[in-house]
Every structure is written in C-alpha cells, then in structure tokens.
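> Protein chains in written order, with the numbering used here: chain A, 1 to 321; chain B, 1 to 321; chain C, 1 to 321.
When the alpha-carbon atoms are kept at most 27 Å apart in a straight line, the in silico BS3-like pairs for lysine-lysine are as follows:
| hint | chain 1 | residue 1 | chain 2 | residue 2 |
| --- | --- | --- | --- | --- |
| 1 | A | K24 | B | K2 |
| 2 | C | K37 | C | K129 |
| 3 | C | K35 | B | K24 |
| 4 | C | K72 | B | K114 |
Just so you know, the hints here were simulated from the structure itself, not pulled from any lab data.
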Amino acid sequence: MKQFTSVNDIADINQLVEAAIALKNDPYSDQQLGKNKTLGLVFLNPSLRTRLSTQKAALNLGMNVMVMNMDKEGWALETQDGMVMNGSTVEHIREAAAVMGQYCDILGLRSFPKLKDREEDYSEDFFNKFIKYCGVPVVSLESATRHPLQSLADLVTIRETWKGAAKPKVVLAWAPHVKALPQAVPNSFAEWMCKAQQEGLVDFTIAHPAGFELNEDFTPGAAITHNLEEALTGADYVYVKNWSSYQDYGKVLPFPEGWMLTHEHLKVSNDAKVMHCLPVRRDLELSSEVLDGPHSLVIHEAGNRLWAAQAVLKDLLQSLS
Amino acid sequence: MKQFTSVNDIADINQLVEAAIALKNDPYSDQQLGKNKTLGLVFLNPSLRTRLSTQKAALNLGMNVMVMNMDKEGWALETQDGMVMNGSTVEHIREAAAVMGQYCDILGLRSFPKLKDREEDYSEDFFNKFIKYCGVPVVSLESATRHPLQSLADLVTIRETWKGAAKPKVVLAWAPHVKALPQAVPNSFAEWMCKAQQEGLVDFTIAHPAGFELNEDFTPGAAITHNLEEALTGADYVYVKNWSSYQDYGKVLPFPEGWMLTHEHLKVSNDAKVMHCLPVRRDLELSSEVLDGPHSLVIHEAGNRLWAAQAVLKDLLQSLS
Amino acid sequence: MKQFTSVNDIADINQLVEAAIALKNDPYSDQQLGKNKTLGLVFLNPSLRTRLSTQKAALNLGMNVMVMNMDKEGWALETQDGMVMNGSTVEHIREAAAVMGQYCDILGLRSFPKLKDREEDYSEDFFNKFIKYCGVPVVSLESATRHPLQSLADLVTIRETWKGAAKPKVVLAWAPHVKALPQAVPNSFAEWMCKAQQEGLVDFTIAHPAGFELNEDFTPGAAITHNLEEALTGADYVYVKNWSSYQDYGKVLPFPEGWMLTHEHLKVSNDAKVMHCLPVRRDLELSSEVLDGPHSLVIHEAGNRLWAAQAVLKDLLQSLS
Numbered sequence: 001m002k003q004f005t006s007v008n009d010i011a012d013i014n015q016l017v018e019a020a021i022a023l024k025n026d027p028y029s030d031q032q033l034g035k036n037k038t039l040g041l042v043f044l045n046p047s048l049r050t051r052l053s054t055q056k057a058a059l060n061l062g063m064n065v066m067v068m069n070m071d072k073e074g075w076a077l078e079t080q081d082g083m084v085m086n087g088s089t090v091e092h093i094r095e096a097a098a099v100m101g102q103y104c105d106i107l108g109l110r111s112f113p114k115l116k117d118r119e120e121d122y123s124e125d126f127f128n129k130f131i132k133y134c135g136v137p138v139v140s141l142e143s144a145t146r147h148p149l150q151s152l153a154d155l156v157t158i159r160e161t162w163k164g165a166a167k168p169k170v171v172l173a174w175a176p177h178v179k180a181l182p183q184a185v186p187n188s189f190a191e192w193m194c195k196a197q198q199e200g201l202v203d204f205t206i207a208h209p210a211g212f213e214l215n216e217d218f219t220p221g222a223a224i225t226h227n228l229e230e231a232l233t234g235a236d237y238v239y240v241k242n243w244s245s246y247q248d249y250g251k252v253l254p255f256p257e258g259w260m261l262t263h264e265h266l267k268v269s270n271d272a273k274v275m276h277c278l279p280v281r282r283d284l285e286l287s288s289e290v291l292d293g294p295h296s297l298v299i300h301e302a303g304n305r306l307w308a309a310q311a312v313l314k315d316l317l318q319s320l321s
Numbered sequence: 001m002k003q004f005t006s007v008n009d010i011a012d013i014n015q016l017v018e019a020a021i022a023l024k025n026d027p028y029s030d031q032q033l034g035k036n037k038t039l040g041l042v043f044l045n046p047s048l049r050t051r052l053s054t055q056k057a058a059l060n061l062g063m064n065v066m067v068m069n070m071d072k073e074g075w076a077l078e079t080q081d082g083m084v085m086n087g088s089t090v091e092h093i094r095e096a097a098a099v100m101g102q103y104c105d106i107l108g109l110r111s112f113p114k115l116k117d118r119e120e121d122y123s124e125d126f127f128n129k130f131i132k133y134c135g136v137p138v139v140s141l142e143s144a145t146r147h148p149l150q151s152l153a154d155l156v157t158i159r160e161t162w163k164g165a166a167k168p169k170v171v172l173a174w175a176p177h178v179k180a181l182p183q184a185v186p187n188s189f190a191e192w193m194c195k196a197q198q199e200g201l202v203d204f205t206i207a208h209p210a211g212f213e214l215n216e217d218f219t220p221g222a223a224i225t226h227n228l229e230e231a232l233t234g235a236d237y238v239y240v241k242n243w244s245s246y247q248d249y250g251k252v253l254p255f256p257e258g259w260m261l262t263h264e265h266l267k268v269s270n271d272a273k274v275m276h277c278l279p280v281r282r283d284l285e286l287s288s289e290v291l292d293g294p295h296s297l298v299i300h301e302a303g304n305r306l307w308a309a310q311a312v313l314k315d316l317l318q319s320l321s
Numbered sequence: 001m002k003q004f005t006s007v008n009d010i011a012d013i014n015q016l017v018e019a020a021i022a023l024k025n026d027p028y029s030d031q032q033l034g035k036n037k038t039l040g041l042v043f044l045n046p047s048l049r050t051r052l053s054t055q056k057a058a059l060n061l062g063m064n065v066m067v068m069n070m071d072k073e074g075w076a077l078e079t080q081d082g083m084v085m086n087g088s089t090v091e092h093i094r095e096a097a098a099v100m101g102q103y104c105d106i107l108g109l110r111s112f113p114k115l116k117d118r119e120e121d122y123s124e125d126f127f128n129k130f131i132k133y134c135g136v137p138v139v140s141l142e143s144a145t146r147h148p149l150q151s152l153a154d155l156v157t158i159r160e161t162w163k164g165a166a167k168p169k170v171v172l173a174w175a176p177h178v179k180a181l182p183q184a185v186p187n188s189f190a191e192w193m194c195k196a197q198q199e200g201l202v203d204f205t206i207a208h209p210a211g212f213e214l215n216e217d218f219t220p221g222a223a224i225t226h227n228l229e230e231a232l233t234g235a236d237y238v239y240v241k242n243w244s245s246y247q248d249y250g251k252v253l254p255f256p257e258g259w260m261l262t263h264e265h266l267k268v269s270n271d272a273k274v275m276h277c278l279p280v281r282r283d284l285e286l287s288s289e290v291l292d293g294p295h296s297l298v299i300h301e302a303g304n305r306l307w308a309a310q311a312v313l314k315d316l317l318q319s320l321s
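Based on the provided sequences and hints, a complete structural model is requested.
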C-alpha cells in the first residue's frame, strides 16, 4: 500500500481485516519495523479517538510520533495557487506539506470539509495537494469526504463479532442532529460495505429520510430505502450516524420524527448489534437505552480503531523499505 | 494501589515517600516494568509542573505517554445523565472516558472546580464518572477538591530536608490573592499532613483569617488558628497558599493585612523552610525576599513532583500485572 | 558548547557544519548519548519547522522530548522584577524556568519580539532571564533578535550545494511583506555569514531599500547596498527575506517597487540558488516561478533544519556528561 485515503487504496480488504485482528492478538512483534521511523500526525480539526489510537498504533510498531495541531501550533495555510498571499494565510500548502515530508516517513492528516462549497469539498483539493507535495505516504485521519480508518475498524468489529452461518445484514441508518455534519463517515462506511458486499461478506442497506441521499459514487450496489423499519427488519448490524444533506449542501434540513434508534426499533431486527463512530449525542442521535444496553458495540468498535491503524501503518512501513 | 486520587488510596504513606526517595537515587531501573504500557494524560485545564513531571516520570519508567488537551484538541464533554444532547456538548463522558481507557493502561486526569456550585464541585462528579467509565487505573493530576501528587511531593520534600531529632512543626498558612482559587491544594495538603500527624511524623497547624475555614473533612486533628504569628512560632515548615472561602463559595472576600509572608514573619519560627506548590504570584501571595532567599524550598519541592509521580506510577504498574 | 543562542556560542562554525553533514549520512549512531536525557521544547509562539525538526533531531539522538506550548497549555508569565503580581500574569519566569530545568536536561525556547519597544526586544530580557533561571543548557528556537538554528541550516545548505572553486557570493535580499516582521532571521543570517566571511568561506552582501538597515552589530564586514541589481550581479546564493525597519521600529513602512525576486532579477546572477527560511508568502515576498523552479533550495534548506538541530543537540549532550 502506498497511501491510505479510501477503500480503493487497498488490494484486499479481507486481508487487511485479518491483519488487524492478528495484531490485536500480538501487538508488539513488529517494533524493529518501525524503529527510527517517524509518523507525523497533522490535525486541522479536533480529534480524540483518531489522535490517540493512531499514536498508540505507531508506538506499538516502534515508531516515533510527532503531533502537529496545525490550526493552533502552526501557521494559517493557503491552498489556492496563483494568488498573491497578501491576506491572512502565512504559508502555502506546497511548502508546508513538503517540509513535513522532510521530517516524517509517514504523515497522517485530518481536514474536515467546510460544508460551504460542495464542489470544493468533494474535490478533496486540500488533501490531494497535501499528498502531492509532501512526498511521503499519507494516512487519512478523516478528509472532507472519507474516514477510512473508521471504516476499517468497523469492518474488523463486524468480522470479530459475527457468529452467523450466512453473511450478516448490515444497515447504515441515518440519525437526527442539530448541526450540519460532514458525510465523511457515512460515505466511507458505505464505500467499504459496498466493497465487502461485492466480495460476498455482507448484505448492505442504507436507510435515510428523503433529501439525505448520499453521493452515488459511494453506494454502488447498496439497497437504499426511506423506510427505517423495512431496513431494520432482519438486520444483524445497525450503523447509526447523522449526516447532512448532500443535495442541499451545508444546510440543516428539517427531518421527520422516529429516526432516533431505540429498543423499540430493534424489535424487527435479528437482535441487531448497534454501532456508531463516536462522538455521539445521547438521546438526540441515539438513545441512551441502546448505548448503555447489550446491543451496543460502540466502545468495542472504538477500541478497534487501534488495530485498524496499526494494520495500515504496518503495511505502509513494509512498503517503505 | 488501584487508583491515586487521595491519601485514602494509599496503604502506607511512609512507604510511598521512601519509594519516591529511592527512585530519585535510581531513576531508570524499572524500564522493563513500563515497556509497552501507555499513560494517557488528560487535561481540561492548564498545567506546567504536573504535565512535565508526570510525563517525565512515565518516560523514566519506560512507558509511552500520550497527552490530550481535552479542552483544546478534543470535543466538549457532557457529564449529566438523562438529558438530550442538543446543546453545545458533543460527547458524553461515558463514551469519552471509556474510549480513552481502550488505548491507555493508566490515565491521568486534571479537572478544576468551576467554583460556582459547592455541592457539585465537592461531589467530584466529573472525576468519579471518568474513573467509573474509563475502566483503567486513574491518577489525579488535580481534581476539583484535591491535588495528591502535589501533597506527596510536599511530604517527600519535608522528609528529605528535616534533620531535627523531634518531629517538625508544619504550618499551612493562608496567603492573599486577587482571584478566587480552588481549595484543592490546601485540602490535599491538610489531608496528607493530618495523616502524617496521626502516624507521628509531624505536628500540623493551619492558620487563616476568619471566613477561610477549610471543609472539616480534610483537617481531622489539625490545630487551627486565626493568628498567624502564633502559628509561625516555633514552625519548622511554612506551606504558603491562597484559597478562596469554602463558606462563601466562589467569592473573593476582603482579607486582613499582614498575611503575605515576609522575613519579618519568620523571626518567631525555628528558621522555617518555606514551601509553595507554584505558580506563585510574587509580592502578592509571598514576598520576593522569601522566595529568593535561603528559606525557600519551592524549586526543590517542584523538582520532587517528578519522584512523587514516578513512585505512584510504579506502584500502579505493579498492580496492573 | 554550553548554550546555543547565537553564532558567538560556537567555537568553530566550520566544524559544526561538518558535524551536521556527518549526521545526515549517519543519523542514528548516537542513541546511547541521549538515552534517558530529556529535551523540553518551550513555545510561546507558533512553529512548524523548528518544532518538528528539533523534536526529530532529539529522537534521532535517543532523547525523550516534551513539548510545552506555554502560551496555550501553561500559565501567563511575568518577566518584570520587583512588582506586585496582582494583574493577569500568573507565574514569574524565575519560577517557571527553574521548574522546567528540574525536569529537562536541555531546554529549547521560542519567544518572538513584541515589536513595540526596540530596547526591550534587543535586550533579550525574556530569553536571558529564562537562561539564567532554568539552570540547564538552552537552545534558541528563535528569540526576539536571532534564529541561529535556521542560520546553521542555511550554512549547511550552502556548503552542501556549492561546487565552485572560489568562495561563493551570498546575498541577503530584502523582500516585501504586508506585516511588520521581526529581524531575527536576517540578523542571525547576517551574523553567521559575516563570521563565515571572516573565515574566508563566503563573500557576503546585503541589499535592502533605504530605511531597512539592520542593526550594525549583526553586519560587521558585510557589503551593504540599496541597489538590488548590483547585489545580485554575480551572486551564487540569494537569501530572500522580509524584515521590518529597525529604525522605525514596529512600523510597516511603504516600500519601493521591484524587490520581489523573479527569474528576471536572477539574469545578472551566476545562476544563483535561492533560499528562504519559510514560511513564505508566495508572489508577495518571492515569486512562485522562482519557488517552483530549479533555482529554489527552500525545501532542501528546511530539510537541513533537522541536521543543524541534531548537531547542536549532540554537542550540548556531550558537554553535559
């Protein structure tokens, strides 16, 4: 693997999932691989799980880690080309990325969408320029449109917990929120589940109210419905997540009643396990009864972020040498 | 030891003091103990001494350290249960703590009181919930009502420097300030000194103006006076510290003249050593002449924060395995 | 070497340059030297290159690194003596520096000038007090008037790339900007190049518009001109950098046309290489065509920050023991 920014960077998702599970059982055997290698983690936005799990994953591999909160500790970055930099930005991404590549063997980058201009966000201009100019392998710590470390951890969690004979029915279920959230997590989850479905690993359904359709590039082969109950019927896993409208980009749309998942909803399911990437707003996105009850996998799932990151970094380290 | 949040978590304070002094003389012998163990330091408030000394202590023990400035790098946390999270908080402490426990073997936490609602602060609700949900041993880096790493370092400093035949007279002396400060340091110091007094190690007196009485739970057996000169008479150690009123909680009360310690005050003492937890406001809380003179132990005392933290972490690591 | 704050701290600049180049070819051989030694990096201002390169340099040497963003994570510092601290500052530099010296074997410090009071900035009061009170060797990560790690990396870059028989002509060329920038980088570059000129390593010229004269203490022996074309004629290296007026201290002065370096300017040069310390404002300070073209050394130069820092830290570590 030369970079990790979407499911398309991976030759064999199944093999990567197995690698993550193997690392969970034997975390410290690769410390020679990372010796004297440095991971730089560049954050333009807040991070808890991603920050800590990726750092820990690198330490498990014997790497050094340097964290850079670019928004707070560094200089305001310019991304546009061909303009006179006489405003508030102090450094161009061309230089900033190239310089970070001088000191790091692998770079992780988090940069959220602005949710103002859909074209700009979906072009992944910032992310792509960073990759282009830094000159070293890049791991996405969440970009404007994707969060692949989360999706890998999600797939690991499903693999670990699924004991059924047939393949599980996985449902991505939209949830309410008060703010306009990015589509990165649902895009990425959909993209990974569609790939897993192609490989015969899962059956994948997406449920959301009208107006919350995801970009079709991320949902090839997914069953899509506006009827939550229909989606949940026979479900083995429910992945709960809010996202804002792709059509009315950046807007907070009114939404119908009944989309916050409760125990009542789960009655039609196959005793479904419930997942969420966190952070979650309790009793707005997802009911406390579900979060605190036996259906919830959310902490287990967050724990798997570590092994997902470690599998990805190990693969990238192997490609370096 | 399973956690370190107050003197009550410790079986034998004397033994812990001796352990800290032993580590000072031989800091790097336990690096196998901490190998592949991770300490997460979670700050909701500023920190200089605690941040650096605890980090260094963990590194001396061979541990990995991850620092999380929760207030700046993470998500705004909710602590109340049973409410719809449709406001400004993004993540509940139930999830945040549990997730951090997934990546760390030991967690340190700093969280100051809000000084608005005494009941709330003294319930240590935030701290207790963090401990309950994170699932790993927790070290207090200062909570709403206590700062035990400071108190342990203070006791180490007294033990190291006391050369007398009898036990020393230790005085906690209130000092002026312009702001309403927490009671955490004096509460904790009092709690530790009362315990040390019970064990025959010190004689302990508290001096403060009327209206600045500490919560009695922290001062069992202490001599308490409003007369500073009386307290300082024959004193061997004076621990200078401001705190705001426990009775008129959160208020900045007017205070009488004469409480800022000078050389003049020390004349009645037994050539007393002067201590302060730092940061200290010069010539408001404590005179420059004392801070810069031969009576002051404040830098030595701050240096001992390292060995206090290392003794505590070593004990917790031993309990892990 | 006992500290690294200016060229005057170095016995032999040539030897230090050679040491940096040797480390570039063999970065990991000194890890026993730094074992159980701790570098504290204290930032009062933003930093990208300095933060990451110095951290990585210390890790290459086997050291532990602790980063302290004093402006964000710590307490507001007082530097004046003899005043009652009843305002907004919480801790005096006397205590803060001394405490950091308790936990670290070497300290790095970044503190920019305020550009309000020239006397104050040029007294390096803050920096000198920090050095005085911390009690351990200090590396400047950029002070009010100097940035010696940058200058060492610059000299390393010239040494590595110069293939001519005679000594190279090096030009420090003033560049436009919209803000009042410190003189630290040009002061330091001038100071180092004047020293290198004395030792017969380079010919050194400074070009700037009238009104932008540097403090003469930093420019002994330099040729100084207001004519950019004259300076660039026959130049082998052009070091582009804005600085604000030393005479009209802290002001943004109007400046003449024609000082932003383009390919056109370079025609009179000896196919000059172009350097800049970064961050650079594109097409304001320096044209994109130069930055993106074959003349530019800026990324290579930034990469050398690592080896400069490592050479300095190695020397300081050797002096410790």
